[in-house]
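Asker: Residue numbers (my numbering), protein chains in the order written: chain A, 1 to 261; chain B, 1 to 615; chain C, 1 to 266.
Straight-line C-alpha distance at most 30 Å; calculated DSS-like pairs for lysine-lysine:
#1 Lys433/B x Lys169/A
#2 Lys169/A x Lys175/B
#3 Lys62/A x Lys169/A
#4 Lys468/B x Lys433/B
#5 Lys175/B x Lys62/A
#6 Lys245/B x Lys468/B
#7 Lys468/B x Lys169/A
#8 Lys175/B x Lys468/B
#9 Lys67/A x Lys169/A
#10 Lys103/B x Lys245/B
#11 Lys103/B x Lys175/B
Selected chain B positions facing chain A (Cβ under 8 Å, derived; list incomplete):
#12 Asn77
#13 Thr104
#14 Leu122
#15 Gly124
#16 Ser126
#17 Ala132
#18 Asn137
#19 Leu138
#20 Val140
#21 Ile145
#22 Arg164
#23 Ala168
#24 Leu381
#25 Asp416
#26 Phe435
Don't read these hints as lab results, they were simulated from the structure.
Beta carbons are placed, not taken as given, at the ideal position from N, Cα and C, and that holds for glycine.
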Amino acid sequence: MSAAPTLYVDRDTFVHRLDPRAKLAMVLALFVAAYMFEHPLAVATPLAVALGVLALTGGLRKLGRIKVVITALFLAGFLVWPAYAPARGPVVVSTPVFDLTEYELLFALGRSERIVAFIVSGFAFITTTSNEEIVSGLRGLGVPYAFCFALGTALRLFPTFLGATGTVKQAQEARGLDLSAGGPLQRMRNYIPLLIPVLMTAVRNVNSQSMALEARGFDTDRERTFYDRRTFRAADWGVTALAVGVVVGVIGLWWLGVGQL
Amino acid sequence: MTESAETGGVAARLRDVLFSYDRDADLDDEGSDDSVDPDSRGGAVLRGVDLDVPAGEVVVVMGASGGGKSTLLRTLNALIPGFLNGAFDGDVEVLGRDATATKTSDLAEQVGTVMQDYEAQLFGTSVEAEVAFGPENLAVPPEEIGPRIDRALSQAGLGDLDRRREPAGLSGGQKQRLVFASVLAMRPELLVLDEPTSDLDPLGARNVVEIVRSLADASDGPETIVLVTHEIEEALLADSAVLLKDGRVFRQGPTESVFTDVAALRESRVELPPVVDAFDRLGWDREQLPVTVAEAADRVEQSDLTWEPPEPTAPAPAGSGGDPGEVRFAVEGARYSYDTDRGPVTAVDGVDLEIRAGEVVAIVGHNGSGKTTLAKQLNGLFDPDDGRVSWRGRDVREYDAGEIGREVGFVFQNPDHQIFEDTVRDEVAFGPKNFGIEGEELDARVADAIETVDLGSLADADPFALSKGQRQRVALASILATRPSAIVFDEPTTGLDAEQQVAFMDLVARLNREEGLTVVMVTHDMGSVARYAPRTVVMADGRKVADRSTRELFADPEALDRWQLDAPQPVALSNELAARAGREDALPALTVEEVVAGLGGEPAADDPVRGGVNR
Amino acid sequence: MLVAVVAALFAAVLIPFKALTIVPGVTEIRPANAIPVAFGIMFGPAGAWGVAIGNLIGDIFGGTFGPGSAFGFAGNFFFALVSYKLWGNLAPLSSGEEPTMDSARQVAELWVIALAGAAVCAAIIAWGLEVLGQFPFSVLGPVIALNNFLAAAVLGPPLLYLTYPRVREMGLLYPDVMDAPALSDASSSRSTLAAFGLAAVSIAWLVIGVGLSVGLGGGAFIGNTAETFGQGGSTPQIALGAVAFVALFGLSALSKSRLPAALSAR
Chain A
1 MSAAPTLYVD RDTFVHRLDP RAKLAMVLAL FVAAYMFEHP LAVATPLAVA LGVLALTGGL
61 RKLGRIKVVI TALFLAGFLV WPAYAPARGP VVVSTPVFDL TEYELLFALG RSERIVAFIV
121 SGFAFITTTS NEEIVSGLRG LGVPYAFCFA LGTALRLFPT FLGATGTVKQ AQEARGLDLS
181 AGGPLQRMRN YIPLLIPVLM TAVRNVNSQS MALEARGFDT DRERTFYDRR TFRAADWGVT
241 ALAVGVVVGV IGLWWLGVGQ L
Chain B
1 MTESAETGGV AARLRDVLFS YDRDADLDDE GSDDSVDPDS RGGAVLRGVD LDVPAGEVVV
61 VMGASGGGKS TLLRTLNALI PGFLNGAFDG DVEVLGRDAT ATKTSDLAEQ VGTVMQDYEA
121 QLFGTSVEAE VAFGPENLAV PPEEIGPRID RALSQAGLGD LDRRREPAGL SGGQKQRLVF
181 ASVLAMRPEL LVLDEPTSDL DPLGARNVVE IVRSLADASD GPETIVLVTH EIEEALLADS
241 AVLLKDGRVF RQGPTESVFT DVAALRESRV ELPPVVDAFD RLGWDREQLP VTVAEAADRV
301 EQSDLTWEPP EPTAPAPAGS GGDPGEVRFA VEGARYSYDT DRGPVTAVDG VDLEIRAGEV
361 VAIVGHNGSG KTTLAKQLNG LFDPDDGRVS WRGRDVREYD AGEIGREVGF VFQNPDHQIF
421 EDTVRDEVAF GPKNFGIEGE ELDARVADAI ETVDLGSLAD ADPFALSKGQ RQRVALASIL
481 ATRPSAIVFD EPTTGLDAEQ QVAFMDLVAR LNREEGLTVV MVTHDMGSVA RYAPRTVVMA
541 DGRKVADRST RELFADPEAL DRWQLDAPQP VALSNELAAR AGREDALPAL TVEEVVAGLG
601 GEPAADDPVR GGVNR
Chain C
1 MLVAVVAALF AAVLIPFKAL TIVPGVTEIR PANAIPVAFG IMFGPAGAWG VAIGNLIGDI
61 FGGTFGPGSA FGFAGNFFFA LVSYKLWGNL APLSSGEEPT MDSARQVAEL WVIALAGAAV
121 CAAIIAWGLE VLGQFPFSVL GPVIALNNFL AAAVLGPPLL YLTYPRVREM GLLYPDVMDA
181 PALSDASSSR STLAAFGLAA VSIAWLVIGV GLSVGLGGGA FIGNTAETFG QGGSTPQIAL
241 GAVAFVALFG LSALSKSRLP AALSAR
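For reference, chain A alone in the conformation it holds in the complex (with noise of 0.2 Å):
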């Protein structure tokens, strides 16, 4: 069984309606609240959005494919953070080898919740936003029109090489390569009878594919139109302006000392 490569979830949400830049608006307000949160209790609150957008858009299902990821990094955050917060407070795991106060096990939870609360607002972007609109959206904010075009193709191209990567592997394992077998290094270098074929096969497609947009009337230096009927409607007003309003509020609440250790 191969997994689908996409994280798109095809619903028809009110999330799903939203311009891609309202929606950018959002996460960023999301991202604001968790990068300027400290306590772990107050991080939850971002990271509970994002997940109640997940549960709203059907998108939770599909983070089970990170949860992987996801639990390495918080691992690995909690336990790094301990050795770089001041020992202030009360110890509450005393070992021979160290102590851990209860500022440093706070301060090591709030921040690896953060870097979740972090990837999960983002995938309930990923998760509700296509590849079209990303690129629209971004063009939207003014980003210049040449780097649009290259991440939008690239987001064409890339299951197309995947494809290709895939079949590689298998042409090569048919060849008798064991990827697995070896040292660290030679495994490494075991990697490249895939690498050089999907490399030249994409370069092979430069050509075709410059000629393919010449003939197509592309040239960055003409003037050209944009065919996009998106609208920023009340509903993308209205959450830019919810966006705002978190942004703010979570300032103000920084400068009270709320949500802080």
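Since the structure of chain A is already known, use the hints to place chains B and C on it.
Answerer: The following block gives chains B and C in isolation, referenced to the frame of chain A:
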């Protein structure tokens, strides 16, 4: 579209056009008239082309591989000389503009281009964005783009497609139709088609042919269409045909008259339409030669010839390694499903199959029928979710990857998906080395395999620089060097021209006859199936729906239709002749030679296997 | 156009190799990490943009898209760009020939480039994630640098050996695509100087960043967030990054690639 043809307008005019992909080539050097080597980019590809493309016509350009067909088309959309580096001389006038002084992206307002590799022509993240891309580039006002998208998608037969879908998720046939839609949305006056069906399965190709046919008849389509193709069925859509030879126009005229000009076709190394070939061998005059199956059947009826179908015991045209031996592959109740965004898809759904030593078995079926997935279970590339696949009586899963790979070779569709070493020799040695062969034994095997595929003189060449046909032979050699007793081929001839296809399949047939190699080939090339595979397995929706002798399978036109398989011309003709004679139970001829024999003629005296292509 | 293809490719090569993971999500030992060096040298700035976009798409499809993606983008961009700028400009090591990887000297040069590129990429990402308060600089910096360097040092030479001549034959090297002129003598010595500067800044940023992070020169561990704005790293750490970025941009602009000269000398 006939009005402008009557007024004698010219869509494109080429005068004394010379071109070489080598920037420093000396174009005046016309002394050397040796035929152009398709693999060397050094020589001039166009060597003085004079051509008028009549406005309002569909014109097909044909010629041998490397003969400059695609290069010629690139002068019509100004990719040459503007975009591609090379040496150019001559005059090109397209729709009244001097194309040699126009940028391709400017000429794109009037000239639309569709090429072979649809993957390289799609850039959008949705169907709608893709079709809008061209008009956006031409600065068409946004409010006009919507109607253009509607019209173009319906012209390309994609009116019902969800426009938010990503191009990457479409089938090959849909992708190529999307390319058509994207180009048609630019409202070109001249449409240039460079082998638009080469990468498609028969169903996809048929759809594209229908698009071209309806464009030619439509009042709002492009006025003029210029097409390069290897497929005779597509060529016959054209009003007129151009044959290229050695970089010059060799013959130009109405399609029927060009395609019955056997001498000219042979000279320019273009494959004869099979019925033309057959009746030419029967000694008919040029004026009488039929081009289509229906014409051929009519003319046989009018003549004093009678159709004698092949005997049920008639051997397969390409022969085989003799009587099948013991069971090699045994597939029992195999099932396999993929996970996709839309949930799991069952690709192989309970297939039973036995293949014996020395057999040549074709696995056919349209795209998505499960044929490739089934084939990949034969050497353990996929393990069945359910059921069992065994090789020599032992479950494939019980073999080490090394063990099964050594005995069962697998040749993939695209040789570029495996070639990575810097010489042919190293590339061929990769497999055997992985299987622990070394020293003199390795050298001997490698040399032997390279010799077998006839690449001895290129052993130290960079495989990347070889032609597609040669690269496919490198891939085969790299499998042969492991000395397998069976080889599974996954559409090994896609993207090769007719001549390269025949050369490759002849080689496979020889290995089967002489070495007893067991051959399983997944293919959609029915001509190869008819000629090379005595037995055919048909897959549809993941199930095996037929498994019988190829001749019997082809005797049943309704079944072929049901499974969307196209009978090759010799089969269609002999079925038609049998039907007209009231002998529906008769078996068909599988090749041109058998058609000739059935009509009382002598098959050509050259290599029996080679008959299909004239060199 | 080249950028998009290169980007798509890097993303495509990256995802299947995500399986081999040390610290997942943030950095991985992955064969794909060899690509920035090779693509940077061959495709120059186009390759750098491609590698950066590819990394971003890798985040989007891998589900690890977040504020840190911006630093992954920048880090990989400079990984490739520094490689392009350094090739041929490291006087005693540089042969002045094309990177065909057929001599020990060329491999040695590539290793130095891989070290600088890996360091700058690691420094940018580690700095960014420390500022975001995700991970301390001293934890991520060395891990990313090592991963990048190992992949680039082990796979870079065979990758270039097998692709460079073929890409050149197809006329797709950056100087061929852009018709970049060969360097004049005057700008040549300046380029060499700037290249050494780039390498020095790359490696120094990583080393000093780690030092600051573990508290060298700053007294105790830098965890005293109360005295810094927001939740990020310490003020010296932020300042270090700002200075380093300015130096990177400036030196990149000053240093001209030597590849056009090597090509025209052929």
